[in-house]
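4 protein chains.
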Amino acid sequence: MSHHYQSVLESIHAEVLPLQSDGAVANYIPELAKVNANTFGMHLRTIEGLDYSVGSSNELFSIQSISKVFALALVVSIVGEKIFKRVGVEPSGSSFNSLVQLEYEKGIPRNPLINAGAMVVCDALIDQLDKPKKDFLGFVRRLAQNKKIGYNERVAASEKEYGFRNAALANFLKSFGNIRHDVDEVLDLYFHICSVEMSCKDLANAFVLFANHGKFPSTNEVLLTKSQTKRLNAVMQTCGFYDEAGEFSFTVGLPGKSGVGGGIVALHPHRYAVAAWSPRLNAKGNSVMGMKALELLTTKLGSSIF
Amino acid sequence: MSHHYQSVLESIHAEVLPLQSDGAVANYIPELAKVNANTFGMHLRTIEGLDYSVGSSNELFSIQSISKVFALALVVSIVGEKIFKRVGVEPSGSSFNSLVQLEYEKGIPRNPLINAGAMVVCDALIDQLDKPKKDFLGFVRRLAQNKKIGYNERVAASEKEYGFRNAALANFLKSFGNIRHDVDEVLDLYFHICSVEMSCKDLANAFVLFANHGKFPSTNEVLLTKSQTKRLNAVMQTCGFYDEAGEFSFTVGLPGKSGVGGGIVALHPHRYAVAAWSPRLNAKGNSVMGMKALELLTTKLGSSIF
Amino acid sequence: MSHHYQSVLESIHAEVLPLQSDGAVANYIPELAKVNANTFGMHLRTIEGLDYSVGSSNELFSIQSISKVFALALVVSIVGEKIFKRVGVEPSGSSFNSLVQLEYEKGIPRNPLINAGAMVVCDALIDQLDKPKKDFLGFVRRLAQNKKIGYNERVAASEKEYGFRNAALANFLKSFGNIRHDVDEVLDLYFHICSVEMSCKDLANAFVLFANHGKFPSTNEVLLTKSQTKRLNAVMQTCGFYDEAGEFSFTVGLPGKSGVGGGIVALHPHRYAVAAWSPRLNAKGNSVMGMKALELLTTKLGSSIF
Amino acid sequence: MSHHYQSVLESIHAEVLPLQSDGAVANYIPELAKVNANTFGMHLRTIEGLDYSVGSSNELFSIQSISKVFALALVVSIVGEKIFKRVGVEPSGSSFNSLVQLEYEKGIPRNPLINAGAMVVCDALIDQLDKPKKDFLGFVRRLAQNKKIGYNERVAASEKEYGFRNAALANFLKSFGNIRHDVDEVLDLYFHICSVEMSCKDLANAFVLFANHGKFPSTNEVLLTKSQTKRLNAVMQTCGFYDEAGEFSFTVGLPGKSGVGGGIVALHPHRYAVAAWSPRLNAKGNSVMGMKALELLTTKLGSSIF
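For the protein sequence lines, the chains are L, W, F and E, in the order given.
Here the first sequence is numbered in our numbering, starting from 729 and rising by one per residue.
Here the second sequence is numbered in our numbering, starting from 729 and rising by one per residue.
Here the third sequence is numbered in our numbering, starting from 729 and rising by one per residue.
Here the fourth sequence is numbered in our numbering, starting from 729 and rising by one per residue.
FYI, nobody ran anything at the bench for these hints, they're computed from the structure.
Source: prediction; values computed, not measured.
Watch out, some of these pointers could steer you wrong.
Same chains, same label: a pair holds when it works inside one copy or across any pair of copies.
In the EDC-like style, the derived pairs of lysine to aspartate or glutamate whose C-alpha atoms are separated by at most 20 angstroms in a straight line are [what the hints assert, rightly or not]:
no.: 1; residue 1: K954; residue 2: E809
no.: 2; residue 1: K943; residue 2: E743
no.: 3; residue 1: K875; residue 2: E738
no.: 4; residue 1: K876; residue 2: E787
no.: 5; residue 1: K875; residue 2: E759
no.: 6; residue 1: K834; residue 2: E913
no.: 7; residue 1: K876; residue 2: D971
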């Protein structure tokens, strides 16, 4: 089987290479544009702890919105499902409506994987953590079993410098009372968690816990209950891919999350977690090569959940 | 195993009974309100053709929106995936935004399981079918292997009489050119397909094809390709439960579809299809007992896909 | 003074002529496009009954939305201000939001000069009139003192054939219960009143009543109370020019109403009514030469109300 | 005539007194709630410089949104009408849509008298003024000929402390590039101009310039051109009363502006300016007694422009 996974990744690598000039790198903040656009990497880890990889699977990149899953997992591990009184679990429709939807739903974001929802999660983390930025990073390092993972302060600063729409969202949430702490403090944590840099290997290592009922595979230590893990996976399935959640459900058929840094991570419950990365994005903001790689993976393994 | 399924259904029946007074029967059209509110039925059919049932599993009820899956399956079986040029596959956010979302997206409904999307599907069916109403019914009868299935003309007439919001949607779609036929003709088909009456047994029989790669289990005859079936299942997973798709993904974790008549049908790929029915609805328009029954089913069977 | 008005109109005529190729004729319905695009006419009538005119002031054209003022005046003359329980008196913001605004405000249109508001007025007229289409026409003929005024049935039919957005609005209103009669009946009246053909002279004659406290100038017969007339004039001032009400308030400074047929009519309380017509429209749907002509009129006469 | 105005004000005073318990004081910021709720004052100044007053016409109150007219007048007096490239002159529909409207119109606020528009004006003032807060105050003092007019720093601080929706708007504008300066700097000026305290006498004195073609009545010095003054008056007419602009156009029929502090100021071109104040507001945010007082004024004087 180990041989099988490796050969599947290698054939995927060969098949996605022709796409390496398709799409465009995110440039809404200058720091994100400073990347080797044509890179591709992929890493798969099974719940038994076996690793398979191709391409630049050890190269660090900005995980961006993928970090929202970590923030959600952390807050659920501390306060449980009561966080879902402040943020929903339903998909959000087009981003066009985000502000009016927030108004209509009285400041309760549709789900924790859109920006507004992640800000509420950050606000809740500030409640719970002594040193929110340090403690969040410690949590991610522990999940990925890599103490070198860190924030990219230039990216965080760049997000802040150009993040007026996010500042609008945070102030709007505050006006509804769904942000308790200082808006600047919440945004500072939010911009930092988005700036975390990880490799495909790091991401696959971290997400394998969601494929393993919420337990650390190496130690069987429980971080999340089975029910909590199921909740997180369901949220990823229905809300993880911006305006392409339905498409991803079809083409890949696994719960996962993407980021505008070009990373995508997905998991097959009870089997494995897999991360792919390539910076060029399609029109909906998801990695071109990454999406294709995951589609090929489930096709070749026959492992879509549908 | 047959014994196992049956005992699971029986324990579910016992557990949902205390909920039989919770929720309220849909009354937006008078005909729907004429139902025995406290009824419950459930039927499970495996892809091997084994049947298990409890309660009023043979009683006919108005399948309402569940019919949108049949319409979609029929149009895909005829014209293939090109229907998705006229209707999307993404979840739709709150119903509040439906008209403005349709305007923003220039008349392309978000998915085929919301009213606007089903109307586009009906319009496409009128293109393809000689006698749309008769042919659609023939298709449903063939799927469910029951020639007695029929429309409830009083329900269809009632839908039309009170269906001004649907008429608004259809005209709005027409103004964008995404309805080709006469608005009244499209609405007539739409209101009829919603009025189909089936039992839990009929629905489970019909949906088992989606659990069986698109093939009729009894004959192995192919109606839909594997890819088409995967597409339908993915659409059900992300769009099948009004504003509770995320909640259903979590609590049940299977692709499915509900209707305001109180029916819910779901399927576990490669294993079974299951239908539950009880007329009282929760605030989001899904059957109270039906939702609970399916949640208990996947809990007891350990068969959520997450 | 009579000499003065005539010379002012003549100088205006000379000044607007260079604009006769600017803008584009409305073509959303084919019938409206069949017009001599470069025509211009203007007619001013004082409350004393003196007439002044230039250009094609006797040529008939489709008055379109100007007719909404007649419908409103007629319903107010019959049922009084209680019509304003079913339709507001506030401006409507951009047309983009019309449907969502109607939803937010539970089916009460913002004002009677937008399409949805005029439909509610038509519905109320059907309540009150024996033969709505005939009686409405009789009312307009009486206001304009011209028994030859009529509907253009080809325009009315064309409006209906392409009027799916209006049909969507009417059905949406019906879903809120703010249309009582059959949707098709309301739309038929609505499309007919929009198809009325009048000349600049007819329009000035008809609107002089609004400049004369609601009394017919020739007979002093009272159609509307002073208060009702003030209400109509205020509604025209704030809502009469689509998305250019503010611009018109500034450049012209008189209450008035425009139509996509290229007509504009305005009035100076206690002094005169004036109509201008030229079919080419600016980007906001108002006549290019007509807007300029009225701007020049109030500049030359110093008669803006501001 | 002077006797006439005085007796009219006195009869108005008597007629509005029974309303002194109607409505509720604005309490969205605590500082505003600290006011004697039942107070009423009114002051009218003619362009000839004659003054008439009743009640607490010399008592200071928070002018709030009325200040937006001063900000607009100041920026127009400096940069002219080019400010209208950054902010429109059209009414805005319901406040519900403010954010989505701003998105649809790409960051160009509908008019300078809504919050977003006033922020753009503040941003433009920061461009032009050495010491924006000091210079703005100097301008208001000069208009009102009262050097004692000042900011209420507690109100400004309170606005800031609770102004998250305004902060959301400002950041949203910044994301579209329609705010050039630092968001906090713009908000600081915005919150300060809203905190200005004036009496009815001060307001009438200041607004008489808009009734006098833009010239200071006492010196005939020109601040605004006739055209600029007409523009301001037209903007006040169509946009000055939140969601009650149409109602005010009808009941009062004069250009004006209200504030949530309970102040209302209006002007009759070429005749007078008048201010009324009473803190209790109706459901649309306008002073109950103030609205009634102005309605009675134009009824008694027969001076509506309609």
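Right, here's what the structure says about each hint:
no.	hint	verdict
1	K954 <-> E809	within (12 angstroms within a copy, 37 angstroms between copies)
2	K943 <-> E743	neither (34 angstroms within a copy, 30 angstroms between copies)
3	K875 <-> E738	neither (29 angstroms within a copy, 51 angstroms between copies)
4	K876 <-> E787	within (13 angstroms within a copy, 62 angstroms between copies)
5	K875 <-> E759	neither (24 angstroms within a copy, 51 angstroms between copies)
6	K834 <-> E913	neither (22 angstroms within a copy, 28 angstroms between copies)
7	K876 <-> D971	neither (33 angstroms within a copy, 41 angstroms between copies)
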